[in-house]
Amino acid sequence: MAESSEQALESGGLRDVRSLRLRVADDDQYASWDEIYLDNVVRVYRLLYAKVGNRADAEDLTTDVFVSSLRPLDTSASRGEIRAYLTTVARTALARYWRSRLGIDVTTIDVPADQCFVDDLPAESDAPRRAGRVLDGLPPRYRRVLELRFLDGLSVKEAARAMGVSVANAKVLQHRALRMAARADPGDE
Amino acid sequence: MTRRRKRGVNRQLDALASERPLPSDPGADPDDIDELRAAIALRAARPLADLPSADFVAVLGRRLRAETEAVASEGISRRALLVGAGAAAAAATAAGLAGVVVDRSVLGDPSRRSQRQMPASGAPQELEPDVGEWQTITSQTELAAAGGVQRFSTPSMVGFVSAHGDSVIAVSGACTHLGCLLRENSDANRLDCPCHRTSFGYDGRVLFSQLDTQPAMLPRVRARSNGDAIQVLIPPEV
Chain P
460 MAESSEQALE SGGLRDVRSL RLRVADDDQY ASWDEIYLDN VVRVYRLLYA
510 KVGNRADAED LTTDVFVSSL RPLDTSASRG EIRAYLTTVA RTALARYWRS
560 RLGIDVTTID VPADQCFVDD LPAESDAPRR AGRVLDGLPP RYRRVLELRF
610 LDGLSVKEAA RAMGVSVANA KVLQHRALRM AARADPGDE
Chain Y
31 MTRRRKRGVN RQLDALASER PLPSDPGADP DDIDELRAAI ALRAARPLAD
81 LPSADFVAVL GRRLRAETEA VASEGISRRA LLVGAGAAAA AATAAGLAGV
131 VVDRSVLGDP SRRSQRQMPA SGAPQELEPD VGEWQTITSQ TELAAAGGVQ
181 RFSTPSMVGF VSAHGDSVIA VSGACTHLGC LLRENSDANR LDCPCHRTSF
231 GYDGRVLFSQ LDTQPAMLPR VRARSNGDAI QVLIPPEV
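Chains as they are written, first to last, in our numbering: chain P, 460 to 648; chain Y, 31 to 268.
Simulated from the structure, these hints should not be mistaken for laboratory data.
One or more of the hints may lead you astray.
Covered by chain P, per the in silico footprint, the following chain Y stretches (three or more residues, Cβ under 8 Å) [unchecked claim]: (1) 60-73; (2) 238-246; (3) 254-263.
List of simulated lysine-lysine pairs, DSSO-like, C-alpha gap at most 27 Å [claimed, not checked]: (4) Y:K36 x P:K616; (5) P:K616 x P:K630; (6) P:K630 x Y:K36.
No residue lacks a Cβ here, since even glycine has one placed at the ideal position from N, Cα and C.
Next comes chain P alone, as it looks inside the complex (with noise of 0.2 Å):
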């Protein structure tokens, strides 16, 4: 158990559950869905890219997450309970995602529990900074195929061709950085 997360959730010790409303600061609260919407949709299009990776699945998911919310959400709920609910649902298509494109469930590509009673993500992704450093420790092989193949987004023949290796060669290759950056950064389990 998270104590310090799970205090995040909190709008400031209420007992009495028939005051809740009335005692739940205003700025705690959206004014709107529109609010809830605009405020969130980055965060929860940002935390599912990160585990996709690719453009159409990350957009695919974000609207899956809110539409599905539009009706059991409560808009008069805190800030904090709100995000964390999105997080939730984001967390279940996500699990429903691997499932669906890989047969099995997965739960090492997966928003982490705890981050379901984070109130906020930070300002910026840590991505570039975590990827850096993975690619940093690699041998400079690895490293120049992961670039080529996965920040530049050249084909596995162009990567080949750009490193002067064979096309089986480069596969390899990929595969072997891919597997030792795996290992470097073994992710949110």
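Once you've looked at the hints, dock chain Y against the given chain P.
Just chain Y, lined up with the frame of chain P:
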């Protein structure tokens, strides 16, 4: 690893490199998944890659506005539905107090749920014992003194009763996942499961759960005020 397996992950890596949606690969092994995960992390690390396009934000925003208007215009029939649910109705309208919350069908599978569909499973299971009697478990005065929520325990069950405006709601005190007894977290206005991180509202709805499959709402126990006494309908003591 077999060559056939590699074909699946190769197609996925090609899709990622060219920013196409991920094809499925039912034969993925843990190595493949690691590779995929590393490639995704790299894609997400490109500057500004993880920001949604302005177009996407605008289009989804319009869609949601249209949907909210549709929901608002259905408000009346929705309320009628709740009133029809009888004893649970007052409780359900008060459920807004607990905040954000949802039932299992929604959390379980957002995409498969039709957007027009009424939340049919929004009404919680109500415990109706074959033989029940109204037993006094506390009083209005005590409940108010306890901050609006009290645990009760009888030989046949444990539960929590809470005040919601003029009505009272009683729910089972056992987690619907594996039956651990819930604890009141009065600072957070919720019931926490001590076993797996799962929390319920005082009205029984699932607030949070670490479980992949969301547990069901807590069953409601029929509750009423009888003068100052608060009573629940439960099996008689033998």
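Right, here's what the structure says about each hint:
no., hint, result
1, 60-73, "holds (count 12)"
2, 238-246, "holds (count 5)"
3, 254-263, "violated (count 0)"
4, Y:K36 x P:K616, "holds (17 Å)"
5, P:K616 x P:K630, "holds (9 Å)"
6, P:K630 x Y:K36, "holds (10 Å)"
Hint check: a violation occurs at hint 3 only; the rest are consistent with the structure.
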